[in-house]
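Student: Those protein sequence lines, which keep their order, are chains A and B.
The numbering used here applies: residue 1 is where the first sequence begins, and numbers increase by one.
The numbering used here applies: residue 1001 is where the second sequence begins, and numbers increase by one.
Hints may be right or wrong, so weigh each one.
Here are some, though not all, of the chain A residues that point toward chain B, as calculated from beta-carbon distances under 8 angstroms [claimed, not checked]:
no.: 1; residue: 49
no.: 2; residue: 422
no.: 3; residue: 423
no.: 4; residue: 426
no.: 5; residue: 429
no.: 6; residue: 430
Hints in this document: simulated from the structure, not taken from any laboratory.
What you are looking at is a predicted structure, and each value in this text was computed from that prediction instead of being measured.
Note that the Cβ used here is the ideal one computed from N, Cα and C, for glycine as well.
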Amino acid sequence: MKRFPIDYLLVILIVVCISGLGFSGKAYGNVAESAREQLIQVYGGVYQLSLHDHLWLEEIFQRLVTSLQTSNATYSLTVLNSSEINAFALPDGQIFVTIGLLRLFNRDEHRTAAVLGHEIAHVEKGHGMQALWRKIGLTVLMELGIYWLDARSSEAARVTSSALVEIVQSGYSREAEFEADLFGQQYAMRAGFDPVGAVNMLADVMMFESEELPMKIFRTHPDTKERMERMLAQAYTFWGVPVLVTDGPIHCEEERQNRGLDPLGRFQLYSEQQADGSWTLQGTDHQTGDAISWLPDLRVKDPAWSKNGRLLAVSVQKLEYWEIWILNRLGNVVSRWAADDQADLLHPIFSPTGDKIAYTKKTALGSQVWVGCTEEVSRIWIARELNGSVLWWDKEGLVIQAVDSPAMYQVEPPRVQAVAFANPVPRIVERKKRIAPMILRESDSSITLRRPNILTPAP
Amino acid sequence: MKCSTFARVSVFVIIFLVIFNFGLLARTYHDPQAFFSFHVPRHWVFQVSESDPQLSVFYGANLEELVYVEHLGSVSDVDSESFASRIMEEYGSIYGLKEFAVIEPIQRRELDGFPGAVMIYEFKGTITRMEQRIFVVINTQGYTITYSDASCSFWDNVVAFDLFLDSWRWLE
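Can you make the complete structure from the sequences, with help from the hints?
Tutor: Below is the structure:
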């Protein structure tokens, strides 16, 4: 049998290189290219995004890549034509996401940045190479040994790339996933995305985990709840440290009362303390002139409207403890926040953008300041250094009153920057079809209107 | 009696003129951000559900025709022609519009005294469409005004676009 010493040398080079001793050049290039081809083949080919979706995704990806201070990898992003919910990274910086994943996030930039940041962290931390080395130690070396006897370089590359594909598809070790979570969240935050996007993304995963969806992204990942807790614990560090604003007392009673004024001018709400010490929600609907009777028979206080007038937050006493309830403009309760432990949730106030609510959590040990996402499950205990309660929230930050002194502090939230294009591209608008009844002439004397047949997909 | 008839006719004429003029005023569209206004021709309907603060969409009487105006905000293009060229490059790129083809290249066209660039192109959306689009850059702000229709009926109907453009006014 004819031997190819150069082929053997290449095999050795691949092994040496992927063990981290000096990997570079064409050898890995072949492996990566082969792995890329296999992934694209397995996942139904490359999905061609529309122009605006492509620009949007590239903007997020480039912001993340730019936020890496130093990186040896050359990053690229490919969208795969698969409804499976998945994302993975090759060690050289090739990131893949499925169209199923992008559809699940429905153009939520913070969730998308969280997933991309997680995959970038795998590359930056060398998880792929570490896993590949372990894998090679177990199986691939055996195969390479066979090729040592009769090898071709292309086959060696194929074997290595197959191992690589298997690794990126099945996920990394528990420690590697935790590390990618935390660093991915940091990258997203540095790139101007909301760090709680990662937590909300995991909440989505948890919601769908019980359902039989083609979701393999976190198939082998650690327990989702534990990951959420770790990321929430890290999220508070992205808030600034409390900065002393003033030592003296500030009278903000008027500002507190104004929170009950509907920004759209229709409703005026306030809470009034009754003779028995309880609180009730009172107010007027200026459109009808009627008194408002929302949440009757409940003890309610601290009404605060969101800046766009879409939502109202109030503190409601249920049994022994106070909860925060969020109502829509019609006075219907859309969500209720209660403390897991024995505590009162008080003084809700919306962020200027309306997507978050700050509130005071009063426990037997003192007062804590928390921030929750209005339409998500994430709640973060911020300003942990302070025993304080929420006063107000302006563009510069959240103002907190220290409980045991008249001093006031301000805490700066993480800087979130919406996706914007330096050179925007105009939209393409197409005319939407309207479903209208069809007129069918049955005879000369009569006509019939019929509804069009609407096909519903089979279950 | 004659005087009375004259008075009645005069009243009718005045009422007619007032109604007619009010009708015209009611058909004037004002951009929500107060950057421009124009008259909306008869049989054209503003589409609330398709529009947003940056985009205003109008449907015409013909099955596929529409006019839409977009305020893109700040752009880095130095003038309307370079703005148009850049967008045509994007539309023609690999991620751009399917089966994109330029029908009439970029030409200059003024819009209420400001220089603009106009062109006609075709692409495959849900159907094959042809669009005439005007690009304008004023004080680094980019605007496009587009007439869109099915390719097969575009040339018959595109004359309606002039009704929009002739009445176009930039607001201070």
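Student: Which of the listed hints are not met by the structure?
Tutor: none
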